[in-house]
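**Q** Using the sequences provided together with the hints, build the complete structure.
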Amino acid sequence: MPGRAEGGKAVTRPLDRLIRPKSIAVFGGKEARRVIYQCDKMGFSGEIWPVHPREEEILGRKCYRSVADLPGAPDASFVGVNRELTIGIIRDLAARRAGGAVCYASGFREAVSELADGDDLQKALVAAAGSMPILGPNCYGFINMLDGALLWPDQHGMLRIDKGVAVLTQSSNIACNISMQQRGLPLAYILTAGNQAQTGLADLACAVLEDPRVTAVGLHIEGFDSLEALERLGQRARDLKKPVVTLKVGKSEQAQLATVSHTASLAGNDAVSSALLARLGIGRVETLPELLETLKLLHVAGPLPNHDISSMSCSGGEASLMADAGVKRKVNYRALEDFQRQPLRETLGQMVTISNPLDYHTFVWGNREKQTAAFTTMMRGGYGLNLVVLDFPRLDRCDAADWVTTCHAVIDASKAAGANAGIVASMGENMPEETAEMLMRNGVVPFYGIEEALAAADAAAGIGEAWAGPQSRPLLKAPAGEGEPVTFTEHEAKQALAAHGLPVPKGLVAETADTAADAAETLGFPVVLKGLGVAHKTEAGAVKLNLASREAVLEAAKAMAGVASGFLIEKMVGKPVAELIVGAMRDPVAGPVLTIGAGGILVELLEDSAILTLPTSETAIRDAISGLKVAKLLGGYRGAPKGDIDALVAAVASAASYVVSNASIIEELDINPIMVLPECDGVVAADALIRLRKNP
1 MPGRAEGGKA
11 VTRPLDRLIR
21 PKSIAVFGGK
31 EARRVIYQCD
41 KMGFSGEIWP
51 VHPREEEILG
61 RKCYRSVADL
71 PGAPDASFVG
81 VNRELTIGII
91 RDLAARRAGG
101 AVCYASGFRE
111 AVSELADGDD
121 LQKALVAAAG
131 SMPILGPNCY
141 GFINMLDGAL
151 LWPDQHGMLR
161 IDKGVAVLTQ
171 SSNIACNISM
181 QQRGLPLAYI
191 LTAGNQAQTG
201 LADLACAVLE
211 DPRVTAVGLH
221 IEGFDSLEAL
231 ERLGQRARDL
241 KKPVVTLKVG
251 KSEQAQLATV
261 SHTASLAGND
271 AVSSALLARL
281 GIGRVETLPE
291 LLETLKLLHV
301 AGPLPNHDIS
311 SMSCSGGEAS
321 LMADAGVKRK
331 VNYRALEDFQ
341 RQPLRETLGQ
351 MVTISNPLDY
361 HTFVWGNREK
371 QTAAFTTMMR
381 GGYGLNLVVL
391 DFPRLDRCDA
401 ADWVTTCHAV
411 IDASKAAGAN
421 AGIVASMGEN
431 MPEETAEMLM
441 RNGVVPFYGI
451 EEALAAADAA
461 AGIGEAWAGP
471 QSRPLLKAPA
481 GEGEPVTFTE
491 HEAKQALAAH
501 GLPVPKGLVA
511 ETADTAADAA
521 ETLGFPVVLK
531 GLGVAHKTEA
541 GAVKLNLASR
551 EAVLEAAKAM
561 AGVASGFLIE
571 KMVGKPVAEL
581 IVGAMRDPVA
591 GPVLTIGAGG
601 ILVELLEDSA
611 ILTLPTSETA
621 IRDAISGLKV
631 AKLLGGYRGA
641 PKGDIDALVA
651 AVASAASYVV
661 SNASIIEELD
671 INPIMVLPEC
681 DGVVAADALI
691 RLRKNP
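Numbering (UniProt numbering), first residue to last: 1 to 696.
No lab work stands behind these hints, which were simulated from the structure alone. Glycine included, every Cβ here is placed at the ideal spot set by N, Cα and C. Check before you lean on any hint, since a few could be wrong.
[Claimed, not checked] Only pairs whose alpha carbons sit at most 30 Å apart, straight line, appear in this in silico DSBU-like list of lysine-lysine:
#1 Lys544 <-> Lys571
#2 Lys22 <-> Lys62
#3 Lys477 <-> Lys241
#4 Lys328 <-> Lys629
#5 Lys642 <-> Lys632
#6 Lys544 <-> Lys575
#7 Lys544 <-> Lys558
#8 Lys537 <-> Lys558
#9 Lys41 <-> Lys22
#10 Lys544 <-> Lys506
#11 Lys537 <-> Lys629
#12 Lys477 <-> Lys575
#13 Lys41 <-> Lys163
#14 Lys642 <-> Lys544
#15 Lys642 <-> Lys328
[As the list claims (entries may be wrong)] Using C-beta positions, here's what the derived DEER-type ranges look like:
#16 Arg54 <-> Ser274: 50 to 58 Å
#17 Thr487 <-> Ser274: 25 to 33 Å
#18 Glu84 <-> Arg622: 55 to 63 Å
#19 Asn82 <-> Arg622: 52 to 60 Å
#20 Met180 <-> Asn82: 24 to 32 Å
#21 Lys477 <-> Arg394: 52 to 60 Å
**A** Below, the structure written as structure tokens:
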């Protein structure tokens, strides 16, 4: 896959030679020696060519003096010299048509606050590489455990495997930490991207997806390098049926600041990131343990068909922990089917409450046949994932024979039912690594932690849901205009939105109190009077509701004449079922996006909102509305009338249409509130603000 370079210049050569090399050149001293050592230790079968200006040999291999002296153009090169020398070596490798290189040195754009020339050096590095792929600078490189190719100058905890997952990160230290995991996760690749000066994580992910030995990809993302590359990744993952899951950092202000200083990448808005990833069918998790547990699930089962979960344990306490952990997630402990109840009763006995989560007690403990029968019955319920909670005793002090029996019963049941299954240790230390590896080999996911297991199920089901739907349209790409923002009056904003189909109150504009009163009589009472040219009308006393006579309008207009440049008079809208806000913002990565949420005075109080990336669809709009807290009001809360949801969906679609039509110049859109009236009565946009950036 092509990558990205400074100034938008595309990298045209594929990454295959770099990440799956048959020949490796190493430049430098201590770090280069470590690379050779790791390749030898892991059984790399290709050529390794050390390059050093003075050494005659390194670890039994002849040293070459320069790129020109090498016996051929290396597939992959590890450049472990200082930043100035790095640029020259990269230029020479590119001239020899080498396959690619890892740039280990730091002191480039990530250090621009300390080194004034950091930015210029990074540009020079990318220019020197030309069309030759490079990773970094400021990165360790990568580990390929499928071929034993390690451009990696440090320790790691990985073993050679035939099939597994790939994990990619900008952070070399995070990569080291992940390599040391003891959770039974088969790691095929670990790759670091450092500053992503030329080749970003999304392009690397596309490259490893093409390896038939890779089952899933995990990304630890500090900042998106390219929206186009991310879209390609989402599409290619779907085409190949190889899921991708991300740990996207940058929620907190502190994390966003750290991202800018550490990797010179823009973190973007966190809620927008989630919406963007969901649109592309890429999963998202919150912690590194969740990332690893999700990758285990995706490696074994792939995306889940639904969010339905069954849970079984031999303790009511564990069943309660599972139930409580599911409250904040989309996972659904769907009730048992009728055909499951009687067989479970016959197997488990009369004292067991047949439910989901299921506490099967200890009556069948240690009995593989009966446990298999119970687990099989549960797993035939059509759940996306079937979980059994099982914490092992300490192997150095206790006998775990009965726990092993339960593991085999779960394996037997999973095969008999043809269902996805996992065993969950509520505490991570209570699952021996050798047990986790055995379960993985037998198609059962060993989960370390209840929260992590449910996070994995959520992410995998979300990917499955996205893949089951239609292909997403290409994202709206519109660079921002450069002129100064111009703010519309409320009347101008409403007329512009009405042209795209947004329902607005019938209104007239007036310059004086008398003409305002005349306008009110024309419209018919009751009316709303608003002062034009006032940013915060309510606080300034520039809004008067439910005025029922000419005299009331005159009095209200004279009172606000000192703060208003004119008046907007509108017909009073009836009592709404609910009030919502629809807004637009320009995200630095995703461009213009739409926000929908609880509106009116509840905006800040409830913080109830959803993000829609653009262009969107009525289905996506309806799904976003149904996920809001305010959806309970729209559904007719406690006997109140239901809201006109169809009209609300159409209104949001019209706002989206306006944003798409003005994508390159829109700076801000705020429609608050949209008043949702009872069913069949429609909706009305009671207030609106538009700011457009007009090019000079």
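**Q** Please flag the earlier hints that this structure goes against, numbers listed from lowest up.
**A** 12
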